[in-house]
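Protein chains in written order, with full-length UniProt numbering: chain P, 1 to 349; chain L, 1 to 260.
In short, the hints are calculated from the structure, not lab data.
Mixed in with the good hints, there may be bad ones.
Stated by the list, open to error - In silico lysine-lysine, DSS-like type, Cα no more than 27 Å apart, as pairs:
id: 1; chain 1: P; residue 1: K115; chain 2: P; residue 2: K101
id: 2; chain 1: P; residue 1: K20; chain 2: P; residue 2: K5
id: 3; chain 1: P; residue 1: K103; chain 2: L; residue 2: K82
id: 4; chain 1: L; residue 1: K82; chain 2: P; residue 2: K20
To be verified - Some chain P residues flagged as far from chain L (calculated, every beta-carbon gap over 10 Å):
id: 5; residue: N89
id: 6; residue: S171
id: 7; residue: R253
Note that CB positions come from ideal geometry on N, CA and C, so glycine has one too.
Each chain, letter by letter, is given below.
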Amino acid sequence: MAFLKIAHLEKSFGTTRVVKDFDLEIERGEFVSLLGPSGCGKTTVLRMVAGFETPSSGAIIVDGKDIVGLRPNQRNIGMVFQAYALFPNLTVAENVAFGLKIKGTPAEQRDARVKEMLAMIGLPDLGGRYPFQLSGGQQQRVALARALAVQPQVLLLDEPLSALDAKIRVSLRTQIRDIQRELGITTIFVTHDQEEALSISDRIVVMNGGVAEQVGAPFEIYNRPATRFVAQFVGTLNLIEADVTLPETGTVRIGTTEISLGRPLKPGRVTLACRPEAVSLGLADGRPLVLHAEIGEVHFLGAVIRVQARAGRTTLSLDTFNRPDTPPPAAGDKVQVSISPADLLVLEA
Amino acid sequence: MMRFMSWTAFLLGSLIFILPLLGMTEFSLSMRRGVYSLDAYMSVLSDPVFRATFSYSVMMALFTIVFGVLLVVPTAYWVRLKMPELRPVIEFITLLPLVIPAIVIVFGYIRLYNTSSWLPLTGSTMGTNILLMFGYSALALPYMYRAVDTGLRTIDIATLTEAAQSMGAGWVQIFARVILPNVLVAVLSGAFLTFAVVIGEFTMAALLNRPAFGPYLQLVGANKAYEPAALAVIAFAITWACMGLIQLVTRLSKHTRAQR
Numbered sequence: 001m002a003f004l005k006i007a008h009l010e011k012s013f014g015t016t017r018v019v020k021d022f023d024l025e026i027e028r029g030e031f032v033s034l035l036g037p038s039g040c041g042k043t044t045v046l047r048m049v050a051g052f053e054t055p056s057s058g059a060i061i062v063d064g065k066d067i068v069g070l071r072p073n074q075r076n077i078g079m080v081f082q083a084y085a086l087f088p089n090l091t092v093a094e095n096v097a098f099g100l101k102i103k104g105t106p107a108e109q110r111d112a113r114v115k116e117m118l119a120m121i122g123l124p125d126l127g128g129r130y131p132f133q134l135s136g137g138q139q140q141r142v143a144l145a146r147a148l149a150v151q152p153q154v155l156l157l158d159e160p161l162s163a164l165d166a167k168i169r170v171s172l173r174t175q176i177r178d179i180q181r182e183l184g185i186t187t188i189f190v191t192h193d194q195e196e197a198l199s200i201s202d203r204i205v206v207m208n209g210g211v212a213e214q215v216g217a218p219f220e221i222y223n224r225p226a227t228r229f230v231a232q233f234v235g236t237l238n239l240i241e242a243d244v245t246l247p248e249t250g251t252v253r254i255g256t257t258e259i260s261l262g263r264p265l266k267p268g269r270v271t272l273a274c275r276p277e278a279v280s281l282g283l284a285d286g287r288p289l290v291l292h293a294e295i296g297e298v299h300f301l302g303a304v305i306r307v308q309a310r311a312g313r314t315t316l317s318l319d320t321f322n323r324p325d326t327p328p329p330a331a332g333d334k335v336q337v338s339i340s341p342a343d344l345l346v347l348e349a
Numbered sequence: 001m002m003r004f005m006s007w008t009a010f011l012l013g014s015l016i017f018i019l020p021l022l023g024m025t026e027f028s029l030s031m032r033r034g035v036y037s038l039d040a041y042m043s044v045l046s047d048p049v050f051r052a053t054f055s056y057s058v059m060m061a062l063f064t065i066v067f068g069v070l071l072v073v074p075t076a077y078w079v080r081l082k083m084p085e086l087r088p089v090i091e092f093i094t095l096l097p098l099v100i101p102a103i104v105i106v107f108g109y110i111r112l113y114n115t116s117s118w119l120p121l122t123g124s125t126m127g128t129n130i131l132l133m134f135g136y137s138a139l140a141l142p143y144m145y146r147a148v149d150t151g152l153r154t155i156d157i158a159t160l161t162e163a164a165q166s167m168g169a170g171w172v173q174i175f176a177r178v179i180l181p182n183v184l185v186a187v188l189s190g191a192f193l194t195f196a197v198v199i200g201e202f203t204m205a206a207l208l209n210r211p212a213f214g215p216y217l218q219l220v221g222a223n224k225a226y227e228p229a230a231l232a233v234i235a236f237a238i239t240w241a242c243m244g245l246i247q248l249v250t251r252l253s254k255h256t257r258a259q260r
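If we strip away everything but chain P, and leave its shape as in the complex, we get (with noise of 0.2 Å):
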C-alpha cells in the first residue's frame, strides 16, 4: 500500500467546487509535485493534507491511518511556504529549534538537532541572526530547516521558490531535492512553474479545473500527454490542423503533405501537436513530413535558439542548438521544415 494515499478528495468553497475527486499514491520517499495553473486546486489539496483546509469529503492516509480528523498540530506533517514564515521575534537558531521545544526535546539533543540542520543547509554560521538579517534563499533554506527539524512523516513545499530570484531559485531547487534524497522523506511539491517541476520531480500531477488531469514521471508527461490541457500546459506547442484521409492506417492531409500516423484515428478533422525541438530546419531523413515555411521572429537564447515559422496559417516554433559556426536564420527567409510523424501528438477534443 501506498505510503500517502488521497481518496475521492473533495473540497468546495460554498457553491464552488475546487477539488473534485481527487485521488494520488505516493510511495514512501517520493517527490510528487502538484503543478497547474492558478486556481486549479493543487495549494487546497495541499492544505488539506496539510490540515488546514477540512476536505468537504474523501480520505488522507498516511502510513495506514486516516489523518482526515486530526488537527494540525497532530499530523506531524511539516511545510515551508512562499513567504518563509519564519517567526521574526526568534533567531535562526530559535526557529530551527521551535518544534522541538514544543515536542519537549531535551535541550541537548535540541541543539545537537538545530546545528546539524544548520550545517545540512549550509548555513551553520547564522544561528545567531534573526530572519530580517537574511536573504530570501538563506529564508527559505532555514525555513526548510526548520520544517525538517521535527522529522517529519510528509514534507509539503507550498510555492517555495516563487520569491525567489532565478539564479538563487535554480540552486535552492537542487538543494531541496538533494535534501529530500538524502533524507529519503515523502515530499509534495506545489508550483506553477513547469520548469521546477519537470527538473526535480519523480512524478507530477498535472491538475486543471480542481481534477488530476495526469500522473506521470516527467519524461512521461512532457512527451505523452494525456490530456490536450496538459499537453499545451506543459512545454511550447505547435498545433497543425489536418484532414483525416485513411482512418483505419491514421493517413492525415497536411497541406499537400500525406503522412501516416500508424494509428487509427476518427474520421474528420483532427488536431496534431509537436514539441519546438521535435521541428527541424531543413530537410532530414526520417522526417517525411515537410512544409514551406518563412521565418517569422528569432530569440537567441544562449545555447537554444527559438525560431517562429509560418507555413500557411499555421505557425511553428522551433528550436536549434546554437552553433557558433551556423548564424541563425533571417526574419523573412524561405525554408523547408521537417517533422517525424512519431513526434506528432494527436489531441483528443
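Since chain P is already given, all that's left is putting chain L on it; use the hints.
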C-alpha cells in the same frame, strides 16, 4: 513660502500647548514667595493620601492592562485570523467608549450591578474595584484595540500560525510563543496608553467612590493653590514618561528593526 507657513503653524501650535504648561510649572514652583522652590512637590509627595491614591491607581492600571491584554489580543488575533468580516463590527464596538461619556457607562454599571441586582458588585470593596477595572478597560479599549490591531497588521499572522501548527504547536503555544512576542511592542503601546488613561481618570472612580488618583487631584485642586499645579505637572510627567517608554521599547526591540 510653504516652509515659512509650516514653521509658523508649528510655532503657533507649540505656543498653545507649551505656554500653559510653562505657566503651570512656573506657578507650581512659586509656593515660597520670591524664590522658586519644590515646596509644592514636597507637600504633595509627603501627603499620605497622595501615596495611597497614586498606589491604588497604579494597581488598578496594572490590573486593567492585564485584563485588557487578555481580552483584546486574543480577540483581535482571532478576528483577523478567522473572522475578518467581523472587523468593522469589532472596530465600531471598540470606538463606543469614545462617544459614550464615562458618566453614562458608570451609571449603567451602578444600575446593573447595585446591591439589589442579580450580580451585586457594588456591595463589596472587591466587587466595586472589579467594576471599576471593567470601566477602565472600556475607556482604554479604543487605544488598546487599535494599538494591538496595528501590531497584528505588520505580521502575516495566518502564515505564522500555520507554520507553528505544522510544527506541532497548539493554540496556547502559538499565542504565547509566536503571536504575543511579535506584537509585544504594540501591546506595550496599548498598555502605556491604558496606564495614562487610568491614572488621570476621575468620573468613574469618583462615582464608584474609590480612592483613586483622579478624585484626589480634584480634591486637592478645590482646596489648595500650588499643590494642584504640582500634581498636574506630575500627571503630565507620567503621561510623557509612558510615551517615552513606548518609543524606547520600539527602538530596543531587535526583531522589529528591519520593519522600520
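Verification of the supplied hints:
1. P:K115 - P:K101: 15 Å, holds
2. P:K20 - P:K5: Answer holds: P:K20 to P:K5 is near 16 Å, not above 27 Å.
3. P:K103 - L:K82: 26 Å, holds
4. L:K82 - P:K20: 25 Å, holds
5. N89: 4 Å, violated
6. S171: The claim holds: P:S171 sits with its nearest Cβ about 23 Å from chain L, beyond 10 Å.
7. R253: 56 Å, holds
Checked against the numbered hints above, the structure violates only hint 5.
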